[in-house]
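Chains A and B are the protein sequences, given in the same order. Those letters in the first sequence? Residues 287 to 393, by the working numbering. Those letters in the second sequence? Residues 32 to 266, by the working numbering.
To be clear, the hints were calculated from the coordinates, so they are not data collected in a lab. Please note: incorrect hints may appear among the correct ones.
Claimed, not checked - Examples of chain A residues lying across from chain B (beta carbon under 8 Å, computed):
1. G339
2. T355
3. P357
4. R359
As the list claims (entries may be wrong) - Okay, the calculated bits of chain B under chain A, using three or more residues with CB under 8 Å as the criterion:
5. 38-51
6. 75-85
7. 112-121
8. 199-213
Stated by the list, open to error - Which residues of chain A face chain B? A partial, calculated answer using Cβ under 8 Å:
9. R309
10. A349
11. L367
All C-beta atoms in this analysis are idealised placements derived from N, C-alpha and C, irrespective of residue type, glycine included.
The lines below spell out each chain.
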Amino acid sequence: MMIDAATFWIVVPALALGTYLIRFSFLGFLGNRALPGALQRALRYTAVAILPGLVAPAVIWPAATGGQTDPARLAAACVTLLVGIATRSVIGAILAGGVTLYAILWL
Amino acid sequence: MAAFKSPFVRGCLASAPFVIVVVPFALLFGVVATEAGLDLLQVMLFSLSVFAGASQFAAVQLMQDQAPVLVVLATSLAVNLRMVMYSVAMTPHLGAAPLGTRAVMAYFLVDQSFAASQMEFERHPDQPVADKVAFFFGTVAPIAPMWFAATFAGAVVGEAIPPDYALDFAVPITFLAICAPMLRSIPHVVAAAVSILAALVLSGMPYGTGLLVAAGLAMTAGALAEQALQRMRRA
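Next comes chain A alone, as it looks inside the complex (with noise of 0.2 Å):
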């Protein structure tokens, strides 16, 4: 599907003035101060809190195969996940889960 131009314009801006008071936050106005403990261990699991559950659906239920699990994407994404957790390499993982990604549709 393709991005609709009027969230593009409302998303981008919004999304970049967002981005930026986080990263102005405390070097901007808030100063030297510690953060609470629970809200540091909390923040400390956003990514990983996040971009694992995007990407489930699309990996089990992919919009390319209308939904129906393919065993090609799973596997590619089995072996990004292996490759990335043993090399520590993100780039190591794309090329590995593009590589087997391509393999087994060309088969």
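Mind docking chain B on chain A? Use the hints.
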């Protein structure tokens, strides 16, 4: 690296290795965003104004899924909330710089400049603020231009790629690849597992709100797991 006296040059050298990560990531963003129907100007404005790769991919994915604007924003901004920690951690070192300088540094406070600067400032906390500022801008110098140039190249390439090359799966693969090295402790693994399970179970919730609920649950699970582990170690 004592051979280089200039803190700016030391900063450049410290973040130079990150170029290998930034370039393919930006290329891929350019390609994926173009395939999603954005034109060259939109893709460049996106990368220049937001300048935070993971949240840009998340926003593109959610906008393609026709999620409501508020859900797209809440989810993508949540991805960037980790930068609150960066802002907190940089303040003791850079907080004494003039406001204008801090305003510019905030724009450039990305994963790579933070990681390289944090390491340096922990190792040498006693350098003058001006040196720390110079080091910080040094870490930005190799990263930012490459981010913009590679986004541009990706967008140009994306316009030439036919839509039926299974590129739908580039975003999931990229995200999995970013996540994998993050799974460096048990609480991180717990958070990721809860995120996946809850997102799948709640995928029927309207307007993509299931993901936001899943993210909240996963963050809480991670924080609780960390606390539980600490208690076990102390006992």
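Hints and how they fare:
no.	hint	result
1	G339	holds (3 Å)
2	T355	violated (12 Å)
3	P357	violated (13 Å)
4	R359	holds (6 Å)
5	38-51	violated (count 1)
6	75-85	holds (count 7)
7	112-121	holds (count 9)
8	199-213	holds (count 15)
9	R309	holds (4 Å)
10	A349	holds (6 Å)
11	L367	holds (5 Å)
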